Amino acid sequence: MMRLWIRAAAVRRRVICFWLLLLGFALITLALIDHFSQDRNHSHQNPGPPRRPLQRIPSAPDLDVIVDPWDPALELGGDVAPLESLQEDQLLYVPSTQGTKSLQQRKGNYKVILPSVSKETTVHASRTHGATETEVGQRLKETDKDLELSAVQKYGLNEVMSGRISLHRRLPDTRHPECLGEQYSESLPPASVIICFHDEAWSTLLRTVHSVLDTAPKQYLQEVLLVDDLSSHGHLKSVLSEYVSHLDGVRLIRSTKRLGVGGCRSLGVSRAAGEVLVFMDSHCECQKGWLEPLLERVAQDRTKVVSPIMDVIDWQTFKYNATQWPVRGVFDWRLDFHWELDPQLQHKDADSAVQPVTSPALGGGVVAMDKHFYHSVGGYDPGMLLWGGEQVELSIRVWSCGGSMEVVPCSRVAHVDHHHLPYSFPDQEVLQRNKIRIADIWMDAYRKIFYRRDTLAHFIRQSESPNITERLRLKRSLGCRNFHWYLTTVYPQLYIPQDRPALSGELYNVGTGSCVDFPRVQGLQSRVMNVAPCSGTGSQHCDLNSDSEVRFGPNGALCLDAEGKQVVVSPCPKQRPTSSRLQWKFIKLSGQLVHQLSQLCLEAVKDGEIPQGSTGGLFLRPCTHQPRQQWHFEQLVAPKGA
524 MMRLWIRAAA VRRRVICFWL LLLGFALITL ALIDHFSQDR NHSHQNPGPP
574 RRPLQRIPSA PDLDVIVDPW DPALELGGDV APLESLQEDQ LLYVPSTQGT
624 KSLQQRKGNY KVILPSVSKE TTVHASRTHG ATETEVGQRL KETDKDLELS
674 AVQKYGLNEV MSGRISLHRR LPDTRHPECL GEQYSESLPP ASVIICFHDE
724 AWSTLLRTVH SVLDTAPKQY LQEVLLVDDL SSHGHLKSVL SEYVSHLDGV
774 RLIRSTKRLG VGGCRSLGVS RAAGEVLVFM DSHCECQKGW LEPLLERVAQ
824 DRTKVVSPIM DVIDWQTFKY NATQWPVRGV FDWRLDFHWE LDPQLQHKDA
874 DSAVQPVTSP ALGGGVVAMD KHFYHSVGGY DPGMLLWGGE QVELSIRVWS
924 CGGSMEVVPC SRVAHVDHHH LPYSFPDQEV LQRNKIRIAD IWMDAYRKIF
974 YRRDTLAHFI RQSESPNITE RLRLKRSLGC RNFHWYLTTV YPQLYIPQDR
1024 PALSGELYNV GTGSCVDFPR VQGLQSRVMN VAPCSGTGSQ HCDLNSDSEV
1074 RFGPNGALCL DAEGKQVVVS PCPKQRPTSS RLQWKFIKLS GQLVHQLSQL
1124 CLEAVKDGEI PQGSTGGLFL RPCTHQPRQQ WHFEQLVAPK GA
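Sequential numbering of the sequence shown, starting at 524, is according to the numbering used here.
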């Protein structure tokens, strides 16, 4: 009996020792886990963007795209094999493995993945409270200049300054007082705001999104669609996915290949649920009341394409600058878009300040149009490459094919104009190829004017032809009007160059071996003329017309003029006949260009002979036969149909 008791006691001791060893192992394991957890938390003390208070966890239909943050191809911005479709196959998504099995059945059935933030993907926290203009100016003085320069080089704007400004900044209200009392119908069509981005700075992208959410009434805002055009920056991967997952009414779509502006916006349209499409750049800030006036104009006429007044945010200081009214969008003979003051409305009564203004073209910063009309008129041209010219093409097509365009003054949105494009293209001639496409589809015989002013486009066109069969078929099926109708009806203010042989081209000086040139600056002031190396690009092209004017500039709006003995360019007058001060006579035999009012000759003066106090190199002098008074017009190209 005693032996049995001793044996049982030994067994009990062994069991107790086993449990003590197991408990000790568990305590050691917990201590190690706690130690490593503290190290990890310490290394992630700046995890990226601030988490907004949780509004709701998005349900499956709310998120078109959830990107797996641990996919190395996505995190590192690696190329993903291109797919053919711009619809479901164009998206990256993680379908739920529960429920239905087939891909077709699983569409829309997504599993929510809340990603962690990797060590490599850290973004400074942007402020969320308001910021005044004074504070912005003070921060500018405190900012590390080296960081600023690096940010400008990377993003084309001062992201350091932008990151110190609230994501919910409130812009000053610069609308006309009569706009403030406008009442809008509760039944306005809802809008889908489509914001495409490629390697956008974190703060400017999110400020754009929050600006829309903070200013657009919920009953009019169907959704905000963020479309990622294959960005490579780490902060636009899993960090952005997590951030957007907590924003009510915002969806994130990612493309598997680089689409460019038109293709990216078309992808957004394919997922949009709203009746009105609002295309917005990814570096904008909206004023209160910006959306309702746009929706009202589209609701009144579904063929109208409208834009707000585009105010300017300085890329360096991020200060807001209101654009002067009245303004409209136009383009020149190099097919470059720009805004200009509308000369017909500048002196009208105050009531006209709240009336929409017809515009020959609209920029791409913010554009609103009916979704059905967008599809019926052909959407964005899928043949346009990456960036450049898509808005000029859309403008000509909308006007020519039954629509119209307006700037709505009671709507204002501010836009950051970049210091430079923050990304490069594999094909450096992409802009010219897009312009060639516009010219060959829409400009008819007038395309020769474009080719004379963009010789690179001319030489590209000589060696290759764009495939425009489908767009020409669309043009015929829609019964679109020709470009002559556009010039005479929509944009009669655009000067049509005559480009007469031997009286147009680069104005070459025999004595200096240089060409007449002028500074490219904004404004209507007179500009001092000079001689410079001949560019050969068409940018120095001029035209001596039948009114005896020598016209310069891509829209032919600058006339060769004289202020005393110095030669300048000044804005050409609208009235006819032109001023005698602007009239010149070219003597082909001697090569002299004679100012008819003074009967003096145009002479190129060498640097050492320029009169004191003058910055130019062109003057009026008594006529002689010296080489510096001998000129001839060099036509660089001879486009077909010329």
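Hint data in this document are derived by calculation from the structure and do not stem from the laboratory.
Certain hints may be false.
[Claimed, not checked] Only pairs whose alpha carbons sit at most 30 angstroms apart, straight line, appear in this in silico DSSO-like list of lysine-lysine: (1) K811 x K741; (2) K780 x K668; (3) K1097 x K1108; (4) K971 x K1097; (5) K998 x K894; (6) K1108 x K1129; (7) K971 x K780; (8) K1129 x K1111; (9) K741 x K894; (10) K971 x K1108; (11) K842 x K668; (12) K1088 x K1111; (13) K1097 x K1129; (14) K842 x K741; (15) K811 x K780; (16) K842 x K811; (17) K998 x K971; (18) K1111 x K1097; (19) K971 x K1111; (20) K894 x K811.
[Unchecked claim] Simulated restraints on C-beta separations: (21) E1157 x S927: 26 to 32 angstroms; (22) H1155 x D967: 47 to 53 angstroms; (23) T1060 x H1155: 36 to 42 angstroms; (24) S1121 x Q1098: 19 to 25 angstroms; (25) Q1149 x P1096: 29 to 35 angstroms; (26) A1025 x K1129: 23 to 29 angstroms; (27) E863 x P1024: 26 to 32 angstroms.
In this text, all values refer to a predicted model and were calculated from it rather than measured experimentally.
Idealized CB from N, CA, C, for every residue including glycine.
Hint-by-hint comparison with the structure:
Between K811 and K741 the CA atoms are separated by roughly 13 angstroms; this keeps the pair inside 30 angstroms, and the hint holds. About 35 angstroms separates the Cα atoms of K780 and K668, which puts this hinted pair outside 30 angstroms; it is violated. The straight-line distance between the Cα atoms of K1097 and K1108 is roughly 21 angstroms, inside the 30 angstroms bound, and the hint therefore holds. At most 30 angstroms may separate the alpha-carbon atoms for a hinted pair to count; K971 and K1097 meet this at roughly 24 angstroms.
Proximity of K998 to K894 is assessed by CA-CA distance (about 19 angstroms); at most 30 angstroms being required, the pair is judged to hold. Our distance criterion of 30 angstroms between C-alpha atoms is met by K1108 and K1129, whose separation comes to about 23 angstroms. For the given pair, K971 sits about 35 angstroms from K780 by alpha-carbon distance, which is inconsistent with the 30 angstroms threshold. For a cut-off of 30 angstroms, the pair hint linking K1129 to K1111 stands: about 24 angstroms separates their Cα positions.
About 19 angstroms separates the Cα atoms of K741 and K894, which keeps this hinted pair within 30 angstroms; it holds. Our distance criterion of 30 angstroms between C-alpha atoms is met by K971 and K1108, whose separation comes to about 25 angstroms. For the given pair, K842 sits about 18 angstroms from K668 by alpha-carbon distance, which is consistent with the 30 angstroms threshold. Pair hint K1088 plus K1111 holds up; C-alpha atoms about 23 angstroms apart against a cutoff of 30 angstroms.
A threshold of 30 angstroms between alpha carbons decides the hint, and for K1097 with K1129 the separation of about 34 angstroms lies outside it, so the pair is violated. A threshold of 30 angstroms between alpha carbons decides the hint, and for K842 with K741 the separation of about 28 angstroms falls inside it, so the pair holds. In summary, the hint linking K811 to K780 is not supported, as the alpha carbons are separated by about 35 angstroms, beyond the 30 angstroms threshold. At most 30 angstroms may separate the alpha-carbon atoms for a hinted pair to count; K842 and K811 meet this at roughly 17 angstroms.
Proposed proximity of K998 and K971 is supported: the alpha carbons are some 20 angstroms apart, at most 30 angstroms. Between K1111 and K1097, the direct Cα distance comes to roughly 28 angstroms. Compliance with the 30 angstroms bound is thereby established for this hinted pair. With a C-alpha separation of about 25 angstroms, the suggested pair K971 and K1111 falls inside the 30 angstroms cut-off, and the hint holds. A C-alpha spacing of about 24 angstroms is found between K894 and K811, which places the hinted pair at or below 30 angstroms, so the restraint holds.
A hinted range of 26 to 32 angstroms for the beta carbons of E1157 and S927 is inconsistent with their spacing of about 41 angstroms. The supplied range of 47 to 53 angstroms is broken by H1155 and D967, whose beta-carbon atoms lie about 30 angstroms from each other. Hint check: T1060 to H1155, Cβ distance near 19 angstroms, so the stated range 36 to 42 angstroms is violated. The hinted range of 19 to 25 angstroms is satisfied by S1121 and Q1098, whose Cβ atoms lie roughly 22 angstroms apart.
Look at Q1149 against P1096: about 33 angstroms separates their beta carbons, and that is inside 29 to 35 angstroms. At roughly 27 angstroms, the beta carbons of A1025 and K1129 sit within the given window of 23 to 29 angstroms. The hinted window of 26 to 32 angstroms between E863 and P1024 holds, with their beta carbons roughly 31 angstroms apart.
The structure fails hints 2, 7, 13, 15, 21, 22, 23 (numbered hints given earlier, in ascending order).
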